[in-house]
Amino acid sequence: MADIGAGSKSRKVLVPLAAVALGFVLGSLVILITGRSPLLMFNAIIQGVTGFNIMSGSFNPRHIGELVVQAMPIILTGLCVGFAFRTGLFNIGAEGQLMMGALAATAVALTVRAPAAIHVPLILLAGMVAGGLWGAIPGFLKARFNVHEVVVTIMLNYTALHVNNYTILNVFGSVDRVKTADFPASALLKSPFLAGITNGSRLNWGFIPVALAVLAFWFILEKTSFGYSLRAVGFNKDAAKYAGMKVERNMVLSMIIAGAFAGLAGAVITTGTFSFGRALPAAEGYGFDGIAVALVGMNHAPGILLAGLLFGVLKSAGPLMQSAGIPREIGGIIQASIVMFVAMKLGIERLLILLRGRRAKAAVEGAVAEEAGV
Amino acid sequence: MNFGIVLEMFPIALMFAAPIMIAALGGLFSERSGVVNIALEGIMMVGAFAGATVTVLLEPALPGWAPWIGLLAGLAAGVLFSLLHAFASINLKADQVISGTALNILAGGLTVYLCQIIFRQQRTRAFSSGLRKITVPLLEDIPLVGRMFFEEIYPTFYVAIALVVLTWFVVFKTPFGLRLRACGEHPQAAASMGINVYRVRYAGVLISGALAGLAGGTMVLTQDIQYTLSTIHGTGFIAMASLVFGKWSPWGVMGAGFFFGFAQILSYYTKDIGFLAALPQEMFYILPYILTIVALVIFAGKTVGPKAAGEIYDQGKR
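Protein sequences, first through last, are from chains Z and S. Residue 230 in this note's numbering is what sits at position 230 of the first sequence, and the numbering runs on without skipping anything. In this note's numbering, each residue carries its 1-based index in the second sequence increased by 1000.
Hints in this document: simulated from the structure, not taken from any laboratory. Quick reminder that beta carbons are idealized off the backbone N, C-alpha and C, glycines included. Warning: the hint list may mix true and false statements.
Covered stretches of chain S (chain Z as the covering partner; in silico rule of three or more C-beta atoms under 8 Å from a C-beta of chain Z) [claimed, not checked]:
1) 1020 to 1033
2) 1230 to 1242
3) 1290 to 1299
DSSO-like cross-link-like pairs, simulated, lysine-lysine; straight-line CA separation at most 30 Å [to be verified]:
4) K1307(S) with K1133(S)
5) K1307(S) with K241(Z)
6) K1093(S) with K12(Z)
7) K1307(S) with K246(Z)
8) K1173(S) with K237(Z)
9) K1173(S) with K241(Z)
10) K1093(S) with K237(Z)
11) K1247(S) with K1093(S)
12) K1093(S) with K1307(S)
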């Protein structure tokens, strides 16, 4: 029995890895078919990860900084989607929860006057609370009326977009109809030191709350009885209810915590990457990125961290690919294919079994041949 | 409020309503067969891209015909693209929401990538003319109704209405429609009666791809001058909402399509309508989404949607 368990666990890790590999193969094929060289893409990716450009031999640490900047928000939206997944909920609303977090962060950044040591934590907290409350809506509707969370969260994404734009433009005021006034220095996560060691990248202190969030995700789900009861709801709602767990309450709480992760992402983007509140023409895709990150990371903290960095590279290497003549949208294509391959896990499992079967068969034949030889 | 404004709103509202209705009918076919299709948005993007590209490329050779061929190209592209969703969710038993999400992400990347390859920019080239508005002779002379529905209207609106009738007929009056609905309600029972659930669900998803692709082409060729990443801007999700709002019936979808069409353009006219002028524009943008949530809550607990939609079909399960 133990053997079967171990086998399925290793296969669980193999599926996302195979999906990532297949995604890159498909991406390379798309590049080849459209008459470019995939090698240029891989060079751009290596440059994005290490800062080294193999083809020209130059080194620029700015690329590493930008990789972290791109990875931070999608690790957080990945935690958001993953947390809800573990309770059996599909949260497509990370995008909207992120926007509400960004809006609350903007409000606190512009209206509160405090030293940085108080101002910054207050901003991050405001983002988490706003994201959590926005996430509570689909959680409540699911728990109370059994309304499917997928449709509700999609609708709330668009609602959040317009609420954000209205508030930014009409409450906080904007001369150019795009952004608010600049935040005071006490509100910012920006750091001249971090920018300095990465040759002027946008790297900022945001990575600290992101790291804490990854730890919190792991601790809540794996180390507390509350997390256990959340996971129980995700495994089997009816059994959890029969065991005396408060299924409805857990759904709402799970969505609140999930929303808080996305809200934190909004706060980190607003005060780290930018220094002003923004009105958006359309959603920026952090929510969809989060779904990809959570799926590839198998809804576990270490996996989400790694998957966030992986998709962060695809984003940060985009401009490098573009300058090498490969449209940067290839990153999106690869990401979508990886999600598709993860969804096709039955197909991938069959493929893996087929490969393993062939290898096992070869081994058996080898052994038989050896015996015959002796 | 004067009635003239309402009359003035009609042609524009119908222009917005047509793609919503067509895409929602697509969703109807898919969900009635038991496959949730949240990829309507992505399929519309692919259809719009194909429609705009074909129109731009054929325009010099076939002026006048190009947009119609573009529409067909959008339809074909939608079928091809939805094939991915069908294969993943029917053959490989993928989670239908995840597979749909993958398609939505893929559509944005793929279309802009191809724009860069074909046109060397983030969007297609602008076409010199999309579909042309028509005025129906004789019918336009009917008082009131003539001005509302038959003067300076895009022909795609009539296509949408024809598709509503056709969908009603196919889904509720033909053997295929009965099989489709059976697969969406109880696939195991349908299979026990000798229906090939896989084939019926494939048909449902591919028809939804065709209609969503057509809707995308309609949208770009009536409301835009070229395809960009924001051409569809959530209309596929509004179509999904229309399906819920219209209780998965073609007539309901038509009503919801009218409703959302008017809701979308209301914001342009608030300044002229006294009691609405004081409200922020954004409120009218939000309206369709909030109403969808309200509708979901109202319908909650009542079994209005196909029972097995979203459920993976497993032959072994009884």
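Which numbered hints fail: Hint check: 1, 4, 8 and 9 fail, others pass.
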